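J.: Protein chains in written order, with the working numbering: chain A, 1 to 102; chain B, 1 to 89.
Hints are computed from structural coordinates only; laboratory data are not their basis.
Here the structure is a predicted model, which means the values were calculated and not measured.
By construction, the Cβ of each residue, glycine as well, lies at the ideal position given by its N, Cα and C atoms.
Just so you know, nobody snuck in bad clues.
Example chain A residues on the side facing chain B (calculated, C-beta under 10 angstroms, incomplete):
(1) R25
(2) V44
(3) T60
(4) F66
Label-pair ranges, simulated between beta-carbon atoms:
(5) A:A7 to B:L71: 27 to 35 angstroms
(6) B:G68 to A:A31: 26 to 34 angstroms
(7) A:G90 to B:A9: 39 to 47 angstroms
(8) B:R4 to A:R88: 41 to 49 angstroms
(9) A:L6 to B:R86: 40 to 48 angstroms
(10) B:Y83 to A:A95: 23 to 31 angstroms
Listed here are the chains, written in short residue letters.
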Amino acid sequence: MTAAILALLAAGLFFAAVASLGVLRLPDFYARLHAVGKAETLGVLLVLAGVALWQGPTLTSVKVLFVALFFFLTNPTATHAIARAALRIGVRPLAADAERRP
Amino acid sequence: MELRTVFVAAAACLIVLTLGYLYRLVTGPTIFDRILGLSGFGTSTTIILTLMGCAYGRLDMFVDIALGYALLNFVGVLAAARYFERARG
Numbered sequence: 001m002t003a004a005i006l007a008l009l010a011a012g013l014f015f016a017a018v019a020s021l022g023v024l025r026l027p028d029f030y031a032r033l034h035a036v037g038k039a040e041t042l043g044v045l046l047v048l049a050g051v052a053l054w055q056g057p058t059l060t061s062v063k064v065l066f067v068a069l070f071f072f073l074t075n076p077t078a079t080h081a082i083a084r085a086a087l088r089i090g091v092r093p094l095a096a097d098a099e100r101r102p
Numbered sequence: 001m002e003l004r005t006v007f008v009a010a011a012a013c014l015i016v017l018t019l020g021y022l023y024r025l026v027t028g029p030t031i032f033d034r035i036l037g038l039s040g041f042g043t044s045t046t047i048i049l050t051l052m053g054c055a056y057g058r059l060d061m062f063v064d065i066a067l068g069y070a071l072l073n074f075v076g077v078l079a080a081a082r083y084f085e086r087a088r089g
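Okay, chain A solo, but in the shape it has when bound (with noise of 0.2 angstroms):
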């Protein structure tokens, strides 16, 4: 039992750390959109499923689990929206310059 929540919370944090690093490092603005709607919704389902299992079968662990729905609904949401408003504007993908250029 303990082994399960340590290698949750392990697989959880690198995940997270995978999503920040992206987003402090990737060239382009969508790249780092993929980071965050990625990894770190996968984090946050690892880390929260760690702290479900911790708190064993009560109402509180199913409003963990809810927590972990919510933002499995709406982490990749909310990056779509910021995408579509982005492209809208007219902010341009990296490769779209790199196409045009030859």
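Chain A is already provided as a structure; the job is to place chain B on it using the hints.
T.: Frame of chain A, contents of chain B only:
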């Protein structure tokens, strides 16, 4: 129970990871980078709240705060994206 120490350590790691989002929030080249940093910042804050609830043994109270914070964060990011979509620059 020594698992509480693990939760505090995980929350400390997440606070360090939040600095990446904070950097993107302060020095984003575009306004959408700043919105993205805000979104990731709020997500990390929600997880830190849940972990601190575990550490203090009051998860039943902290999870409600985390849920409210997540909801406000989502609505705020959507509203900001919609606003700057209309604003044209």
